[in-house]
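A.B. asks: Below are the chains, spelled out letter by letter.
Number of protein chains: 2
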Amino acid sequence: MPPIITAFASSPDRGRGLARDMRVRWALEEVGQPYEVRLLSFREMKEAPHLARHPFGQIPTYEDGDLVLFESGAIVLHIAERHAGLLPAGQTARARAIAWMFAALGTVEPPILDLSTARLLERDKPWAEARLPILMDRIRVRLGELSKALGGRDWLVDGFSAADLLMVHALRRLEGSGLLDEYPNLSAYVARGQARPAYKRAFDAQLAVFTDGAGAD
Amino acid sequence: MPPIITAFASSPDRGRGLARDMRVRWALEEVGQPYEVRLLSFREMKEAPHLARHPFGQIPTYEDGDLVLFESGAIVLHIAERHAGLLPAGQTARARAIAWMFAALGTVEPPILDLSTARLLERDKPWAEARLPILMDRIRVRLGELSKALGGRDWLVDGFSAADLLMVHALRRLEGSGLLDEYPNLSAYVARGQARPAYKRAFDAQLAVFTDGAGAD
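Those sequence lines, one after another, are chains A and B.
Residues 5 to 221 in the numbering used here are what the first sequence spells out, letter by letter.
Residues 5 to 221 in the numbering used here are what the second sequence spells out, letter by letter.
Here chain A stands alone, though its shape is the one from the complex:
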């Protein structure tokens, strides 16, 4: 039995690949592990069967026999620990790559998500417009530091790793904001990630859910 992941039946991003199942799909494609997908409506995500998989009623989850995991970072790390290709071989480089995984999710992504939240959930508030430049400046601080850290290298730690997978996906949420264009090495980095065959296969798979209209909520 291949592992089963969960994804939105009807993704709010209309197939742009910004939902977090994309991270798990990409990781599984990188290591060549086939998988199955259980699509969930927004209602089903908050019902008991899925809450037993995911305490916060979100996607993705990952089921492999008795093991049920949630949190895209944890799932990607689990896949990376069990297959070659997503973490460096040396112990020091491996630990560094895991540090960058946590940095992608805990340091770089939060201000990016704050911008999405402000645009989505606070767009009709009187402060909506005035807060945006503040939020964008917070993102610039992180992008500037990340840009310096990456420098002229292709990937964060040695070759492509799970750290790049999570970081590229987090940065993709800035598409259309113009912010990424201010850091040419980061734009190139994201493009480099998106050019990987495994990324493309994962992207096409999640897009097919939308274009096939398989699960209108």
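Derived by calculation from the structure, the hints in this document are not laboratory data.
You may find that some hints are simply not true.
Below are the EDC-like pairs computed for lysine to aspartate or glutamate, each with C-alpha atoms no more than 16 Å apart in a straight line [unchecked claim]:
| no. | chain 1 | residue 1 | chain 2 | residue 2 |
| --- | --- | --- | --- | --- |
| 1 | B | 129 | A | 51 |
| 2 | B | 152 | A | 51 |
| 3 | B | 152 | B | 118 |
| 4 | A | 50 | B | 118 |
| 5 | A | 152 | A | 185 |
| 6 | A | 129 | A | 141 |
| 7 | A | 152 | B | 51 |
| 8 | A | 129 | B | 133 |
| 9 | B | 50 | A | 133 |
| 10 | A | 152 | A | 186 |
| 11 | B | 152 | B | 186 |
| 12 | B | 129 | B | 118 |
Just so you know, these numbers come straight off a predicted model, no measurement behind them.
Assemble chain B onto chain A, guided by the hints.
C.D. replies: Same frame as chain A, now just chain B:
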């Protein structure tokens, strides 16, 4: 040579133990690993020697021989992988505990940090007061889900683990907000974490930096 961690010379929380070096100190105390501390001023955190350790110019970092790590979650996981006592022995429970580590940092902590950010960085904005109830309700959503997931158990996965360490520390930032009091099992959970001898040793060590006035910035 024991590992060396970094911490604020002059913590903004005045020794309340909310800074993230507390997580690493606590983990090291749980496993009985002695460590040394390098205290940094705010200026030093953004200078080249520390940026070489931490690309985002923050604390804590962790140095052990050739290995230099950043991100408290990654450091705690690294310690947990190398010592007994912070992750369950079984592979399934171990993976679940790591998922909860990611959940603490990626799902529960962000709305809590948003409240701190609003209070600290946007307190003089015209929207400061009106936004607070919105932010508090976002935290309540997560606390409600976490409260249900924990139920009547003492810890998130089997015995005490690195997941509880990170979760308890993230929740502690709500002290004084009254939010935690709305979920008695979560209040008891945080108190249970704080009652651990290793927690107390770590807390006293970080408090001593403040009370000794070792590093006024």
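A.B. asks: Now look at each hint and say whether the structure bears it out.
C.D. replies: Against the structure, the hints come out as follows:
1. B/129 x A/51: With a Cα-Cα distance of about 39 Å, the restraint between residue 129 of chain B and residue 51 of chain A is violated, given a limit of 16 Å.
2. B/152 x A/51: 13 Å, holds
3. B/152 x B/118: At roughly 23 Å apart (the allowed maximum being 16 Å), residue 118 of chain B and residue 152 of chain B break the hint.
4. A/50 x B/118: The hint is violated at about 24 Å.
5. A/152 x A/185: Given pair residue 152 of chain A, residue 185 of chain A holds - Cα atoms ~15 Å apart, limit 16 Å.
6. A/129 x A/141: 20 Å, violated
7. A/152 x B/51: Holds. Residue 152 of chain A to residue 51 of chain B sits at ~13 Å (cutoff 16 Å).
8. A/129 x B/133: With Cα atoms ~13 Å apart, residue 129 of chain A and residue 133 of chain B stay inside 16 Å; holds.
9. B/50 x A/133: 31 Å, violated
10. A/152 x A/186: 13 Å, holds
11. B/152 x B/186: Cα-Cα ~13 Å, so holds.
12. B/129 x B/118: 15 Å, holds
In summary, the numbered hints that this structure violates are 1, 3, 4, 6, 9.
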